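Trainee: The task is simple: from the sequences and hints, build the whole structure.
2 protein chains.
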Amino acid sequence: MKIAVLGAGMVGRTIAEDLSKTHEVTSFDVNEPNLAIVQKRANVKTQQANLQLYDEYKNWFAAFEFIVIAVPGFMGFNALKSIIELGKNVADISFFPEDGLALHELAVKNNVTAIIDCGVAPGMSNLILGYENSQMQVHSFDCMVGGLPKKREKPFEYKAPFSPIDVIEEYTRPARYVENGNIITKPALSDAEFVNISPVGTLESFNTDGLRSIMFTMKHIPNMKEKTLRYPSHIQLMQALIQAGFFSEDEITVNGTNIKPIDFTNKILFNSWKLNPTDVEFTVMKIDIAGAQNNIPLNISYLLYDEYDAATQTASMSRTTGYACNAFAHLIMENKFSQKGVFPPELVGGDAHCFDFVMSYLKDRNVVYKKTTN
Amino acid sequence: MKIAVLGAGMVGRTIAEDLSKTHEVTSFDVNEPNLAIVQKRANVKTQQANLQLYDEYKNWFAAFEFIVIAVPGFMGFNALKSIIELGKNVADISFFPEDGLALHELAVKNNVTAIIDCGVAPGMSNLILGYENSQMQVHSFDCMVGGLPKKREKPFEYKAPFSPIDVIEEYTRPARYVENGNIITKPALSDAEFVNISPVGTLESFNTDGLRSIMFTMKHIPNMKEKTLRYPSHIQLMQALIQAGFFSEDEITVNGTNIKPIDFTNKILFNSWKLNPTDVEFTVMKIDIAGAQNNIPLNISYLLYDEYDAATQTASMSRTTGYACNAFAHLIMENKFSQKGVFPPELVGGDAHCFDFVMSYLKDRNVVYKKTTN
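From first to last, the protein sequence lines are chains G and X. Under this note's numbering, the first sequence has 865 at position 65, and the numbering climbs by one with no breaks. Under this note's numbering, the second sequence has 1014 at position 214, and the numbering climbs by one with no breaks.
By construction, these hints were calculated from the structure, which means they are not laboratory data. Any given hint could turn out to be false.
All copies of an identical chain are treated as equivalent in the list; a pair is satisfied when it fits inside any one copy or across any two copies.
Stated by the list, open to error - SDA-like mimics (lysine to any residue), calculated; alpha carbons at most 20 Å apart, straight line:
#1 K1171 with Q848
#2 K821 with E953
#3 K951 with A1040
#4 K1074 with I1052
#5 K959 with G809
#6 K1067 with E1051
#7 K959 with I1042
#8 K1067 with I1052
#9 K950 with G1141
#10 K1067 with N1055
#11 K959 with Q1039
#12 K954 with S1033
#13 K840 with D1156
In this text the structure is predicted, and so the values were computed from the model without any measurement.
Mentor: As structure tokens, then:
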């Protein structure tokens, strides 16, 4: 198939590289160095393009048979809408803040299959919940997830391959979870607690607003929570910075210049958090699902632990999210999932064949979700 | 006597108020609101004056019989030099960074008695060491000192009545202490350790470069150390900010504007550390002196604990430093200390009468140094 991959950042280029082994791939990005990297790594065509020019999409993408969207979140919704309007099937990993299901009717009308939020969390966590929900009666879903550098360096013990502003947004947006059937809103970073996660050791989990679509598609599950994982004390430091006003949006005057603290701090953290291409990082996700099967209590856990791949110099973040996205892409391309509309992964996981296919696709790439039943 | 007090900031105005009970005092400051406060509180004349115009000193101060310098540190040395050139006796509490003893010859020539560093530490700590040094053979001098808000508020649990930039300077300048007769230089904030100090509870002490003149005037004492006290964890937070680059002097570009991180952070901390006039704060200093008297081992401790005085709305910082300064001023004015030259307080404390006078002056104002002998 002829596939267009929109965005050639860290994840987009891994997606293109992986898909190029079996398909004819063209990467689009506004950034020429990004395109140069992807071209050096894989048999992929490239085209420089400002992907915010949505009116151009019909010119650029009409000839493609499948689309993957891997653009920054703020562009994601408009990119997806434009692709659906073009009538192209699509897998999306842009994690845009808008409600993707709002495009469902448009996708149905245009005979499009779109799977959105195709990463790890959201992404694989949704798929797993959707699958287990089809196998048992789920009472509670608890997900903890984090991407961390293997080398712990003070003061933050954290590295991010993307702008700190996106992380800070996660650290400041009120977090919602579901308890006894009610949506509870708590401050971000609340309920910090230590957890021992094999093989990492002790990490700290805290509330972030990560449930997204499952708060609404899985309304019948009374307890659902997603927490983010960091090395201990990271969150206390971030909390201190927030309290002191380092992330304020209200301008202050420094030497006669008005400046938003958030803009300054973003710059400082960018230097401090910079993940170098060969830094060893890992992704860890633990999912605990409790409930009953045929009225017999059942507790299931899934554990993902994945590290930077030195052989291919591919970050774990790129591997775990990019390969998941490609698994979903293949479900659509191979007609394994052919419903029309916009679907978050929990609505895909209800089909055991789809679930097995994705798990197997990832396992082939050494991204392993280890399931245990207690 | 006709006394001029240079500077009417938090400490300067307390000095003026205290001296005005027995002398004819005029306060000088560039800042009119500062002068208005001192005038409201005490029977003090005021004169608006830019005290950086050192050439004007002869016009302003020729008619005064004694001078107290309570200007910001960066102006202190030049102010003192100008006063000595005028031939006026002076007590100085500006804590300037330059070496005050460099003005000794000038003071001798001009028949001037000048006592410098007339605060708590430096100040009373020096006086106490000077006194005990005249009574015993001192092997070690350990001083811990801090000014803290009584109400602990996250994230910093610290308030400062002066610019954060001065505190940060203390937190970043390498710290020197004396060990086995050698001057050791360590990073600022090093050797953090918890100490229990009655009646406060557990605080954290760490190295700062606070010994100043005694490193040279008390060279025969093999071990001397001054550490600063803060509530636990304050220093870890400050260290994190330093490590992350928030105090860097190297400009970064934010939204097209070049800015020094230190300038930005100073502004943020100013808001976060602001001490309001009625905030209850305290001063705590613990001095441990070990040695021998007539070849019998002797350990002596001094403890100062002083709080904000609600009745007169006077900060402990103003009380403990301002009254100490006035005690030294009275030593000179009353001819109890009449040597000519520039003297740090350890050279005053060698005279037991001077020591007793200062202690008694402070006790009358309810600033009590409790001495214990073990």
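Trainee: Against this structure, judge whether each hint is valid.
Mentor: Checked hints:
1. Taking identical chains as interchangeable, the C-alpha atoms of K1171 and Q848 are never at most 20 Å apart, the minima being 42 Å within one chain and 78 Å between chains.
2. With identical chains, the CA atoms of K821 and E953 are never at most 20 Å apart, being 37 Å at best within one copy and 58 Å at best between copies.
3. For a Cα distance limit of 20 Å, the shortest separation of K951 from A1040 across copies, 17 Å, qualifies, whereas the shortest one inside one copy, 23 Å, does not.
4. Taking CA atoms no more than 20 Å apart as the test, K1074 paired with I1052 passes between copies only; the shortest distance there is 16 Å, against 26 Å inside one copy.
5. In this assembly of identical chains, K959 and G809 lie within 20 Å of each other by CA distance solely inside one copy; the values are 16 Å within and 45 Å between copies.
6. Taking the closest pair of Cα atoms, K1067 and E1051 come within 20 Å of each other both inside a single copy (16 Å) and across two copies (11 Å).
7. In this homomeric assembly, K959 and I1042 come within 20 Å of each other (Cα to Cα) both inside a single copy, at 18 Å, and across copies, at 18 Å.
8. Both within a single protomer and between protomers do K1067 and I1052 lie at most 20 Å apart by alpha-carbon distance, with minima of 16 Å and 8 Å respectively.
9. Taking the shortest Cα distances, K950 and G1141 never come within 20 Å of each other, neither inside one copy (40 Å) nor across copies (61 Å).
10. Proximity of K1067 to N1055 under the C-alpha cut-off of 20 Å is found in both arrangements, the shortest distances being 18 Å within a copy and 10 Å between copies.
11. In this assembly of identical chains, the alpha carbons of K959 and Q1039 lie at most 20 Å apart whether taken from the same copy (17 Å) or from different copies (18 Å).
12. Within a single copy, K954 and S1033 get their C-alpha atoms as close as 10 Å, and across copies as close as 15 Å, so both meet the 20 Å cut-off.
13. With identical chains, the CA atoms of K840 and D1156 are never at most 20 Å apart, being 33 Å at best within one copy and 82 Å at best between copies.
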